[in-house]
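Got chain U; can you put chain R on it based on the hints?
2 protein chains.
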Amino acid sequence: MSSSVDKPARAQAGPMDQVAVRRANLALVLGDVRASGRASRADVARRTGLTRPTVSSLVGELLDRGLVRETELRQDGTVGRPGRQLELDGRRVAALGLEVNSRYLAACSVDLAGRTVQERRRVHDASRSGADETIRALAALAVELIEDAERSGLRVAGIGVAVPGPVAAATGRVHAAPNLHWADVAVAERLRDEAGLPDDLGVVVDNEANLAALAEWELAHPGVADLVYVTGEVGLGAGIVAAGRLLRGASGFSGELGHVQIDPEGARCACGRTGCLETKVALPAALRTAAPDLPLPEGGEAAAAWDPQERTAELLRRAEAGDPRTLAGLDEIGRWLGAGLAVPVNLLNPEVVVLGGYFAAVAPYLLPATVRELRARVVAGDAALCRITGSVFGFGAAVRGAAGVIVKEVFADPGRVEG
Amino acid sequence: MSSSVDKPARAQAGPMDQVAVRRANLALVLGDVRASGRASRADVARRTGLTRPTVSSLVGELLDRGLVRETELRQDGTVGRPGRQLELDGRRVAALGLEVNSRYLAACSVDLAGRTVQERRRVHDASRSGADETIRALAALAVELIEDAERSGLRVAGIGVAVPGPVAAATGRVHAAPNLHWADVAVAERLRDEAGLPDDLGVVVDNEANLAALAEWELAHPGVADLVYVTGEVGLGAGIVAAGRLLRGASGFSGELGHVQIDPEGARCACGRTGCLETKVALPAALRTAAPDLPLPEGGEAAAAWDPQERTAELLRRAEAGDPRTLAGLDEIGRWLGAGLAVPVNLLNPEVVVLGGYFAAVAPYLLPATVRELRARVVAGDAALCRITGSVFGFGAAVRGAAGVIVKEVFADPGRVEG
Chain U
44 MSSSVDKPAR AQAGPMDQVA VRRANLALVL GDVRASGRAS RADVARRTGL TRPTVSSLVG
104 ELLDRGLVRE TELRQDGTVG RPGRQLELDG RRVAALGLEV NSRYLAACSV DLAGRTVQER
164 RRVHDASRSG ADETIRALAA LAVELIEDAE RSGLRVAGIG VAVPGPVAAA TGRVHAAPNL
224 HWADVAVAER LRDEAGLPDD LGVVVDNEAN LAALAEWELA HPGVADLVYV TGEVGLGAGI
284 VAAGRLLRGA SGFSGELGHV QIDPEGARCA CGRTGCLETK VALPAALRTA APDLPLPEGG
344 EAAAAWDPQE RTAELLRRAE AGDPRTLAGL DEIGRWLGAG LAVPVNLLNP EVVVLGGYFA
404 AVAPYLLPAT VRELRARVVA GDAALCRITG SVFGFGAAVR GAAGVIVKEV FADPGRVEG
Chain R
44 MSSSVDKPAR AQAGPMDQVA VRRANLALVL GDVRASGRAS RADVARRTGL TRPTVSSLVG
104 ELLDRGLVRE TELRQDGTVG RPGRQLELDG RRVAALGLEV NSRYLAACSV DLAGRTVQER
164 RRVHDASRSG ADETIRALAA LAVELIEDAE RSGLRVAGIG VAVPGPVAAA TGRVHAAPNL
224 HWADVAVAER LRDEAGLPDD LGVVVDNEAN LAALAEWELA HPGVADLVYV TGEVGLGAGI
284 VAAGRLLRGA SGFSGELGHV QIDPEGARCA CGRTGCLETK VALPAALRTA APDLPLPEGG
344 EAAAAWDPQE RTAELLRRAE AGDPRTLAGL DEIGRWLGAG LAVPVNLLNP EVVVLGGYFA
404 AVAPYLLPAT VRELRARVVA GDAALCRITG SVFGFGAAVR GAAGVIVKEV FADPGRVEG
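Keeping their order, the protein sequence lines are chains U and R.
Going by the numbering used here, the first residue of the first sequence is number 44, and it counts up by one from there.
Going by the numbering used here, the first residue of the second sequence is number 44, and it counts up by one from there.
Only chain U is shown next, with the shape it has when bound in the complex (with noise of 0.2 Å):
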């Protein structure tokens, strides 16, 4: 509340010094551009409080940046000299980001209208490739990205970078990602240096499932306070929205939904525990049960190329022609689903609960079992129950959640881009 209030709130802030104000001017001379769509200087004035001067600096600063630019003259026929207008300009600046599958690799740019420049990805089989070969991999991704985003006229504010595993958000360093046989990886620092990067061009790593569930969030799910975003890969794992903030946990593990127990006399995990949730639902276990003539290859060259978008097409394919074995199957998953899901829902109580990954694309088959199982697992009953949705983004979802936190890096600090 004293925020509001003006004097008391001047007095237990304490001054900003110049530069930290002029650099949050920057931003919300920006913000108040990107809001507004269109925006003469004057107008960006008086919404802001700020003097016309000021603003004109700021502008200034903003279009020498490259993240606004100047429209032509207005022919409005208003009385006095025509002013240019303002708009963000979306073509100059991009964000890229980076994800490390246990099966691909992939990559996007992003303006920062949000339009995605570049798109792609390219099978990697990160499980077996080790940790140097696949930051290689990736490091040559990005180089790729940047030297396309350049010679477009693009420059590049910024790498996010997904991984399934929990990270620390301070250092970029991944703890652990058992998929990918990973303990204890320096991302950040390692891609730095086999990039090549500039000092001043920031890294930040996070984990895949916030990174997708901060996508669905902020782009498909603006008003909604509490979502749960569900992975659906060869992993399987949570990204959690509560009270409007992205949960990480007092050391970064949140989200682990993939190794709770959800059958005591099921399957042996890869982690060593036994009737995982990941063990009934994710992507390989879908595809035991769903289409068992189509197993995952083992070892060679085989092993490394399957690709989970491909199988998860083709279990689409046959759920579409009515195949009873794959449809039974998705039954049965959704089912397990269903059980999995009543964990977080009953926990966290979300509004809506977004299915990522082969989820997505099969959604249509699951969800009848899902929403029945979790029906009866919710304590609270139907006043508790939440939406179940698809991802918007699919397979994508954790690239773009990646670029989106370099996107969101620039509109709080526009001093950070280079002029």
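These aren't lab readings, by the way, just hints derived from the structure by calculation.
Do not rely on the hints blindly, as some may be mistaken.
Stated by the list, open to error - Taking lysine to any residue pairs in the SDA-like style, the calculated list, with each CA pair at most 25 Å apart, reads:
#1 R:K451 x U:G287
#2 R:K451 x U:K451
#3 U:K451 x R:G287
Frame of chain U, contents of chain R only:
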């Protein structure tokens, strides 16, 4: 960030009206006096940035409302007119906490300095009495404590009520409390009618686990941002603090841990499901497992009279005496508890888990097995392990938290206390 930048923040927030500014400043002055222990009006003016005349006028109002008091004249040899010091007046305004438990009713009054003025517990079989009888008994308890408080010169500023079920925060209705056989009970409204409360006396109803979590968090672990509180009474529930906030979920149903399925081969639960965590570790299960010769009385006078606290004391006596059946039983309960705690620990990665109710009393005999089991199930390994600790308030956490909500309301808006 904009709230730290003077002009833009004001432009965005719009002007507060005079009344709202005065109420906010009243809270600011009270908060300053509370934080500083003792302060002169000049100290308050300096620290808050308010003018001396404004501070004097606000202090006058706080004196009228019995929220601060003046100390004796200063005898410290300073030059000039000796000023009276101000301090929080803990002895004039009280907050009332009430609790409906399936086995007892509890009440406490707490003064603004956080001291417990009165505490009462009354064995009451709410699971058989029906909502009408229970709310009548609760109202009688409230009236007793209000009259007691008034006799000691304390004015009750509001009533917090803890109930064992999810609550719609806005209306104070309890959606469902399975252990009470309640469905959609308008607790706030009915308590108000039964006790004949004045219209301006606020009644806040919340879930027992949420309120207990608040009490433990604010009073025992104030620096912790991620905490899970687990009740250990006839029922089992959780209160979740994540990223520095109490989570309620989209519709107030968060924290349902008791009916997570932990053993698909297990016993049928009162909720109709099978193998719920509650059937493994709540107090009745602990008594069956660790003191099978002390079965819970069924039916009649005896059933109405069993007291969780008394039974817990008996469990503890036997454990301390080294009764092998009790020790083995508590070890088994401890294992199931570890399996159950793995769910919120994997999903939320808390820094601290607080065990309430009977768990707190027998913690030394549960924890070795609990920690062992939890360790085996925490996916991120020891880095994600949390402290597990017994509640400071034991069976009294929820009722203390209920009173605490009212204390916080008084400090947030002292203008609500009558002059």
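Structure-based check of each hint:
Among the hinted pairs, K451 (chain R) with G287 (chain U) is consistent with the structure: their alpha-carbon atoms are about 22 Å apart, no more than 25 Å. A distance of roughly 35 Å separates the Cα atoms of K451 (chain R) and K451 (chain U); the hinted pair therefore is violated under the 25 Å criterion. Only pairs whose Cα atoms come within 25 Å are accepted, and K451 (chain U) paired with G287 (chain R) is accepted, the gap being roughly 23 Å.
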